[in-house]
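Participant: What follows is the residue order along each chain.
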Amino acid sequence: MKRVELIQGTLDMLILQTLRWGAQHGYGITQAIRSGSCDVLQVETGSLYPALHRLERQRWVKAEWRQSENNQRAKYYSLTPAGRKYLAAEQERWNTVSTAIASLMRARETEA
Amino acid sequence: MKWRRRNQELDEEIQAHLAMAVQDRISRGEGPAEAERNARRELGNETLIKEITREMWGWTAVERLQQDLRYAFRQMRRNSGFTAMAILSLALGLGAVTAMFSIVNGVLLEPLAFHDPARLYVARTIPPPEAHLTGDFPVNARQFHEWRAHCQACQSVSLIQMDDLTLVGAGEPVKLPALRVSSNFFATLGVRPAIGRDFLPAEESGLGQVILTDTLWRSRFAADPGILGRDIQLNGEPHTVIGVLPHHLALPRGDQWGGYFGPADEPLIFEPLGFHSEGQKPAGSLNYTSVIRLKPGISPAPATAELNSLLADFVRQYHITTRIALFPLLQQVTRRARSALWLLLGAVAAVLLIVCVNVGNLMLVRTAGRYREAGVRLALGAGRTRLFGQVLKEALVLVAIGGSLGLVLSYAGLRAFTAAAPIDLPRLEEVQMDWRVLLFAFAATTFSTVACGLAPAWRLSRIQPLDSLKAVSSGHTEAGRKLRLREMLVSLEVALSAVLLTAASLLLVSFLRLTHVEKGFGTAHVITQDVSFLSPKYAHGGRNQVIRLMMDRLRQIPGASAAGATSRLPMRGEDWVSELRDSEAPTEDNAIANFRFVMPDYWRAMEIPLQQGRFFNDGDWGRPVAIVSSRAARHLWPNENPIGRHVQGIGPGQPALEIVGVVGEVPAGPLDQSWPMMVYEPYGLISPVAMSFTVRTLGDPAALIRSMRAVLSSIDPEMALPTARTMNEILDASMATRRFEMRLILAFALIALLLAALGIYGVVSFAVARRTPEIGIRVAMGARPGQVLSMILRQGLRPVLFGLAVGLATALFAGRLLASELYEIGPNDPLPLFAVAAALLLTAFAACWAPARRATRVDPLRALRFE
Numbered sequence: 001m002k003r004v005e006l007i008q009g010t011l012d013m014l015i016l017q018t019l020r021w022g023a024q025h026g027y028g029i030t031q032a033i034r035s036g037s038c039d040v041l042q043v044e045t046g047s048l049y050p051a052l053h054r055l056e057r058q059r060w061v062k063a064e065w066r067q068s069e070n071n072q073r074a075k076y077y078s079l080t081p082a083g084r085k086y087l088a089a090e091q092e093r094w095n096t097v098s099t100a101i102a103s104l105m106r107a108r109e110t111e112a
Numbered sequence: 113m114k115w116r117r118r119n120q121e122l123d124e125e126i127q128a129h130l131a132m133a134v135q136d137r138i139s140r141g142e143g144p145a146e147a148e149r150n151a152r153r154e155l156g157n158e159t160l161i162k163e164i165t166r167e168m169w170g171w172t173a174v175e176r177l178q179q180d181l182r183y184a185f186r187q188m189r190r191n192s193g194f195t196a197m198a199i200l201s202l203a204l205g206l207g208a209v210t211a212m213f214s215i216v217n218g219v220l221l222e223p224l225a226f227h228d229p230a231r232l233y234v235a236r237t238i239p240p241p242e243a244h245l246t247g248d249f250p251v252n253a254r255q256f257h258e259w260r261a262h263c264q265a266c267q268s269v270s271l272i273q274m275d276d277l278t279l280v281g282a283g284e285p286v287k288l289p290a291l292r293v294s295s296n297f298f299a300t301l302g303v304r305p306a307i308g309r310d311f312l313p314a315e316e317s318g319l320g321q322v323i324l325t326d327t328l329w330r331s332r333f334a335a336d337p338g339i340l341g342r343d344i345q346l347n348g349e350p351h352t353v354i355g356v357l358p359h360h361l362a363l364p365r366g367d368q369w370g371g372y373f374g375p376a377d378e379p380l381i382f383e384p385l386g387f388h389s390e391g392q393k394p395a396g397s398l399n400y401t402s403v404i405r406l407k408p409g410i411s412p413a414p415a416t417a418e419l420n421s422l423l424a425d426f427v428r429q430y431h432i433t434t435r436i437a438l439f440p441l442l443q444q445v446t447r448r449a450r451s452a453l454w455l456l457l458g459a460v461a462a463v464l465l466i467v468c469v470n471v472g473n474l475m476l477v478r479t480a481g482r483y484r485e486a487g488v489r490l491a492l493g494a495g496r497t498r499l500f501g502q503v504l505k506e507a508l509v510l511v512a513i514g515g516s517l518g519l520v521l522s523y524a525g526l527r528a529f530t531a532a533a534p535i536d537l538p539r540l541e542e543v544q545m546d547w548r549v550l551l552f553a554f555a556a557t558t559f560s561t562v563a564c565g566l567a568p569a570w571r572l573s574r575i576q577p578l579d580s581l582k583a584v585s586s587g588h589t590e591a592g593r594k595l596r597l598r599e600m601l602v603s604l605e606v607a608l609s610a611v612l613l614t615a616a617s618l619l620l621v622s623f624l625r626l627t628h629v630e631k632g633f634g635t636a637h638v639i640t641q642d643v644s645f646l647s648p649k650y651a652h653g654g655r656n657q658v659i660r661l662m663m664d665r666l667r668q669i670p671g672a673s674a675a676g677a678t679s680r681l682p683m684r685g686e687d688w689v690s691e692l693r694d695s696e697a698p699t700e701d702n703a704i705a706n707f708r709f710v711m712p713d714y715w716r717a718m719e720i721p722l723q724q725g726r727f728f729n730d731g732d733w734g735r736p737v738a739i740v741s742s743r744a745a746r747h748l749w750p751n752e753n754p755i756g757r758h759v760q761g762i763g764p765g766q767p768a769l770e771i772v773g774v775v776g777e778v779p780a781g782p783l784d785q786s787w788p789m790m791v792y793e794p795y796g797l798i799s800p801v802a803m804s805f806t807v808r809t810l811g812d813p814a815a816l817i818r819s820m821r822a823v824l825s826s827i828d829p830e831m832a833l834p835t836a837r838t839m840n841e842i843l844d845a846s847m848a849t850r851r852f853e854m855r856l857i858l859a860f861a862l863i864a865l866l867l868a869a870l871g872i873y874g875v876v877s878f879a880v881a882r883r884t885p886e887i888g889i890r891v892a893m894g895a896r897p898g899q900v901l902s903m904i905l906r907q908g909l910r911p912v913l914f915g916l917a918v919g920l921a922t923a924l925f926a927g928r929l930l931a932s933e934l935y936e937i938g939p940n941d942p943l944p945l946f947a948v949a950a951a952l953l954l955t956a957f958a959a960c961w962a963p964a965r966r967a968t969r970v971d972p973l974r975a976l977r978f979e
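Residue numbers (this note's numbering), protein chains in the order written: chain A, 1 to 112; chain B, 113 to 979.
These aren't lab readings, by the way, just hints derived from the structure by calculation.
No experiment lies behind these values; they were computed from the predicted model shown.
Virtual Cβ for every residue (Gly too), placed ideally from N, Cα, C.
Only pairs whose alpha carbons sit at most 25 Å apart, straight line, appear in this in silico DSS-like list of lysine-lysine:
| no. | chain 1 | residue 1 | chain 2 | residue 2 |
| --- | --- | --- | --- | --- |
| 1 | A | Lys62 | A | Lys85 |
| 2 | B | Lys162 | A | Lys62 |
| 3 | B | Lys114 | B | Lys162 |
| 4 | A | Lys62 | B | Lys114 |
With beta-carbon atoms standing in for the labels, derived distance ranges:
| no. | chain 1 | residue 1 | chain 2 | residue 2 | range |
| --- | --- | --- | --- | --- | --- |
| 5 | B | Glu163 | A | Gln72 | 23 to 29 Å |
| 6 | A | Gln72 | B | Glu146 | 18 to 24 Å |
| 7 | A | Ala102 | B | Glu146 | 38 to 44 Å |
| 8 | A | Lys62 | B | Leu597 | 51 to 57 Å |
Chain A on its own, in the form it takes in the complex (with noise of 0.2 Å):
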């Protein structure tokens, strides 16, 4: 299966959208990323917590520390209320974005 590296500047969204479901560690946002992108986007450690470290100091997100299903201490991060718009500005962007990226490669494929 081939694996993508994330697209520069789109991690900060990826990790946020996670998020709105509830408080995940670095471990499950990872596992999140990769299988809700079925197998496609692959979130590397270094640049997972760099970007959550970087969030946090934002306070887009907050941390605590929490048991794990497994039992297992570990750091859980949950959206704040600027992260929630934050991420709702982003996602606007996001598919503006995109919409017009797709357009222009589409106008691209059919001059060719």
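We have chain A; now place chain B onto it with these hints.
Facilitator: Just chain B, lined up with the frame of chain A:
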């Protein structure tokens, strides 16, 4: 610590991630070992992940500081020897400079503890230049009267005179240092009695009221609140206590007011002036100190002009050539200590600067080992400012530890200084560590940080990454700029040491010349005892009888080879100052002489030599005869025989005195200052109340002191007898300030020399270590040990010579500041300069010698293997 906790959490977070990944793989059917391996591979480089994640945290300034400080501490631990030395020397330097500053602060800067003290001045008489008198003098009572009545610029004009009062009853008779004051004296200072009341104007002529200090009230009267209105016996007369001054009132000591005579101690009791000032003579004796409070906003210049203009009539009438000047009271009180204290502070500051330069130089040497590290960090993108700041912070850590240690040391140093200081250093009891001292300590610490850290920080942040990486560790590629910076610092150290050493040697030479000066009197075997004939039974000739009786009995003490008395001992200051006038050929313009009233054997007891004629004998009692000092004789009758000539006696209506003898010169005040011309009159012509007996003994002074005091007490048990002193002790006390100052400066200069030697040694050792491969090559190419030795010595001594030249030039220039402290040596005398140059060169040579010798023993094979 927040930073550590965050790191732990990050670690735990990653570990949890890993654990969950492993768990997942196991549940998917992988074996534990395989699952672990795969999960780790998937995770990637854990350290790198953490590193990048940490960067997301974003450093606040505080966290960055913490990081740098931690780095600094690590560096310090790695070089514990250097660290210990740096901290210790900084602690000593900062401690000494803080202690010295707190003394300067307490003595010279802290305003006097009176109301609005900046408006308080003392009026002094300035002699005309043709009188060839140094310094300034008190004023007379009539001048005070005119000023108090008319001065518009003055809010209040007061007058004081030092005095003694003997308190009898309630224990042993005790002689109390006293002040006679005008009724407005306390009001002028802004001091009010804590209990009771101040003097009233009507009481100024002396109706028997006294005011006590808190100290006297507590020590002598057990703080009895019923003291007011009580009669106490002073000089045998009843006096009424009308007030007690506030606790902790720091009044200047008697001598600090600038009076001629009276006790040098802090006054304990106050009485009114005891006369009507308007009745005093316009050309009367300059016996009083006038303390003046100017009106708000008035500067001293117009006030001085007014004080002088108020005396214009007297000046015309009596051909007075002196004028009046105002000195701030603080300056008057501290005048003897000013130059010495500033000098000491300057010396300590120079030592601190040398310490900083030394530490900076050592840090420079140490950072040299970090050029590669710095290069790598710069290449990896570290900012130069960050590197710069880091070195400064290393300096800060050293200085801060040294400084806090120094603050503790300065407290100890302050106590040691106060204990060792000679008593004529004023206001020492007021010295405290206040906010100004702390501010100064803070400023000194900041300054030291910069002084220590600037050179190494600058050097390290200027590294070119490429160069530092290329130049692996061999010395010759980096001989240029760095060494020159180090050498400049050595030059600076040497220059500072040279200045200090020059100052110290000038003071040392002055002191030695002063101790070897011909004093004109004997010291070791002469015992002196002050007495005062104050009680009413000694009025009207009463003291003439008792002093003769005492004199006779003192002569009979076994072991006493001669006994006499004088109204004022040599070195106790000028007193009874008046015009020296040939009564047969009076002129307008007369020199000034000191007059003394003596008992016949005074000169023999003091070992003052007779040069012509004869001494007084018992038959001269109260007769109009005089003995003059040789200079007075030469002044009045150059190349003529003075015996049989006549000189005017002191005081109005006094007869002309026939000269019967000429004696040697003695100093009236400090050895280096006042050797006035002297006229001796026999006691009885005038009979001063305060006298000093002088007894010469060939035996044990202590035994003689006991018998002398026993004899005096047996004649008058009510007479207060202050501690007896040998002339040696009086001489010692007169030189105490100078000795103290000289010793301290000398100690500072020697410390500076030692530090400079350490600095030179460090730099040369470092140069030799760096150049070992190069030296190896030279030796391999056939250089002889002598050549290597001279090469290293030349290199080591070059900055020393430069620094020495700068230092001596500075010393030549700055020597003038020292001129007032010197005795019989000019500030530019070549002798100390040569001595300092020789001492510094020798020291520098010695400091270079060991590393230079090491260089000659370099084994070329081993040295080259380093390459």
